[in-house]
Amino acid sequence: MKGEKILYLSGSWFNWANDLYKSFYNALIPNQRYMSYINGLKITLLISFFAVIIGILIGILVAVLKVASVNYKMRWLSNICNIYVNVIRGTPLMVQLLIIYNLIFTSRNTNEIVVGAVCFGINSGAYVAEIIRAGIESVDKGQMEAGRSLGLSYVQTMRKIILPQAIKNILPALGNEFITLIKETSVASVIAVTELTKAAQYIGSRTWKILPPLIIAALCYLVLVMGLSKLLSLFERRLAKGDRN
Amino acid sequence: MIVTKNLKKVFGNNWVLNGIDETINKGEKVVVIGPSGSGKSTFLRCLNLLEEPTEGEIWFEGKKINDKNVDINKIRQKMGMVFQQFNLFPHLTVLENITLAPTKLGIMTKDQADDKAIELLNRIGLKEKALSYPNQLSGGQKQRIAIIRALAMNPDVMLFDEPTSALDPEMVGEVLELMEALAQEGMTMVVVTHEMRFAKRVATRVMFMDEGKIVEQNTPEAFFDNPQHPRLKEFLSKIL
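As given, the protein sequences belong to chains A and B, one line each in that order.
With our numbering, letter number 153 in the first sequence gets 153, and the count goes up by one each step, no holes.
In our numbering, each residue carries its 1-based index in the second sequence increased by 1000.
Source of the hints: derived by calculation from the structure; they are not laboratory data.
Among the hints, erroneous ones may be present.
[Stated by the list, open to error] Straight-line alpha carbon distances no greater than 27 Å define the calculated DSS-like cross-link-like pairs of lysine-lysine that follow:
| id | chain 1 | residue 1 | chain 2 | residue 2 |
| --- | --- | --- | --- | --- |
| 1 | A | 160 | B | 1238 |
| 2 | A | 141 | B | 1078 |
| 3 | A | 209 | A | 183 |
Same shape as in the complex, but just chain B (with noise of 0.2 Å):
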């Protein structure tokens, strides 16, 4: 679905990719970890094009995405992203930040995105909050609600970037929870995190990523129970 080929960025003189060739089948869920700096962010942020690559290629469902020619928002329709600060639209509604691309972008009706924005909101029980302003919201519910404005897209692949980071301790549950439902729901996802915990409960495919490069990549059971490369095993001695 997603397959990236000779992956390199650079900020400055920093290289902080440094030529990624990975592939993203459908219905996976690959979970990047590393340090910080490791490039996990702008890895993810490249494969909707929020970062332009420096070189290489991206492709998406069969199509070179980082080409002149082809239509960004188009394929962004397609890819959900989810980020670590929310970035709900603090001047709407709950359900004007659901229902704003959809309707801005034809793909629905007023009506039918309402319907389905009552219906997402339902799914999270936060349907008494449809009318109520983001800064009325605890940080667990804004992230949720983030999450299901992505879904009202009905997108083929969503991407987290460290979507517990910013949250209270005790909100992080509610937010990995709907993460997890997902996940079963057969979603492809692609999500950049910390929480270990869910790497091994959810992930197909867990990648430790180094000085822009992917060092190792495995199994969760594999990739926690027997780590092969020294910087990942002086990593999980770190956190575990």
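Isolated chain A, as found in the complex (with noise of 0.2 Å):
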């Protein structure tokens, strides 16, 4: 009696583990489906990389703007970067995509890879001109005086001076937000970018089984953004060389 109990629940295990691995073998194998989640993360990097670019780019702009216009007292400049940012951090970034899909890129042949590394590289922008700016207020204002003081124009010093010393202080906030940059792409599949989540959901809708791709998607994300944490940090040790004797 006992030893048959046993031999039915090590079955049960069995069985329970066979399924498994047949439902992730679905979800991965037949048709070439493993393709089908490099195709999404081929284009979820696609767009996290341009969105990095122009977030940075936007960020740069808006945050020295921002410093800048104190010190030049020039109030409107001011206004209006305080208005993007305002904005874009105000409202949530699905209803952002939805409305620059809907209202700017109307036309029928519109890239919707382009349309979502533009909508995150703005929205992210916002959020990284308020770290930049944190950074540029972080570095001693004697320097921006000692560059100054040898003929450097502002920009100039702004360049040379302020910024890679701001970068320095920031990374471990900038690399923070790269990282919820990439998560954050999975909402693109609300305007039918099929990105690594959206690959998912279509494997999970034919197999009938929805868990094994979501959960190979997460592997996936977990994969990249620990790829991204180990890169940052190597940069983060470079950008140190200055602190060490």
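Taking the hints as your guide, dock the two standalone chains into a single complex.
Structural data, given as structure tokens:
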């Protein structure tokens, strides 16, 4: 009696493991489904990459304009920057995405990936701007004075002296923002971009088992983010060279 | 070389500079002393427009420099400045600190600037520090490098804003020595300092500032041995 029960239990454990294996197998192998993940991953990376670049460019521009507008007493300029930052930070990303997709890019042959990258870039720019502004303000103001006293212009001093030090100070916060950005690209599925999350959902609807593909997608994000973290910490160490004795 | 006319500066409703008419000629070594809050640093920082004067005029080499049409960056290239806190650029090597401005401003090629920097470093005996970062240096070394960083631009005048106030006592000497050597070479200098011995030895003229005005000025001998103004007498009796 007792032995039968153990056999029964281990049998159920075996069945369970077998089911699990089969469902992951079905989510990955037949019809070259793994290619869907890879293609989704490609699009996720593409959107993230260009969004990060757009975000950094907008972020630096807005941050420098905000700081400079205080020094040069240009109220209107900082007002424009503040409106941008407030609107972007005050509305949900998904709503922004839908508005930009439907309102601005209305033509039939828009490339959703471009829309996604631009939209995520504009969104990220607002957060990056605030991070960089904090970084600029963390640099001792004697640095600006020293640069200016040597005859360098405001912009030259900003580029060569202030920003390199500011970026070093804010690298962890900036890294955090980019990690968030990569994960938020999953929202792009609402404008019919088949990025990683959407690809997983498609496969789930075809195999009638949604969980395995989602877990596979989650693992992909995890690996991606851990790789980025590693890269950032390497970069951080390189920038810290002036700190060590 | 430098002329100020009725120079005034107000912070909030505090008149830090209260009408300064002064002429500094080529080759002069002017030392400015005075109690803290007397406006001596503000006066110095107005000379290269790090502080914008509220009223009055500043002339440098025959040009009015607090004027909208003047390219202040061009003017500043001819006015070296040394700060109390050194303000070396911590993310750049010593060599890059010195060569950044001359190369960036197109005054020298990279090679010329490097040669000049090495020559200047050699002069202060710190050639082997060329590739070090500022954080690896002592305070005295930092300040001497800050001085030659300004010299690399071949300025016509050097402004010193309390250059030894942030240094350990044992490092003051090396910085003052370098400044004295500069003075002997004929550099025009304006120095805000609390180092009275330096004022006595090097200055051609000593100024005493109090409450935003130049209260008294004279040659160092007369200034220290025979002060006239009661405020100056009181000040000297406290510090000497």
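TODO: Could you work out which earlier hints the structure fails to respect and list their numbers in ascending sequence?
DONE: Hint 1 is the one this structure does not satisfy, whereas the remaining hints hold.
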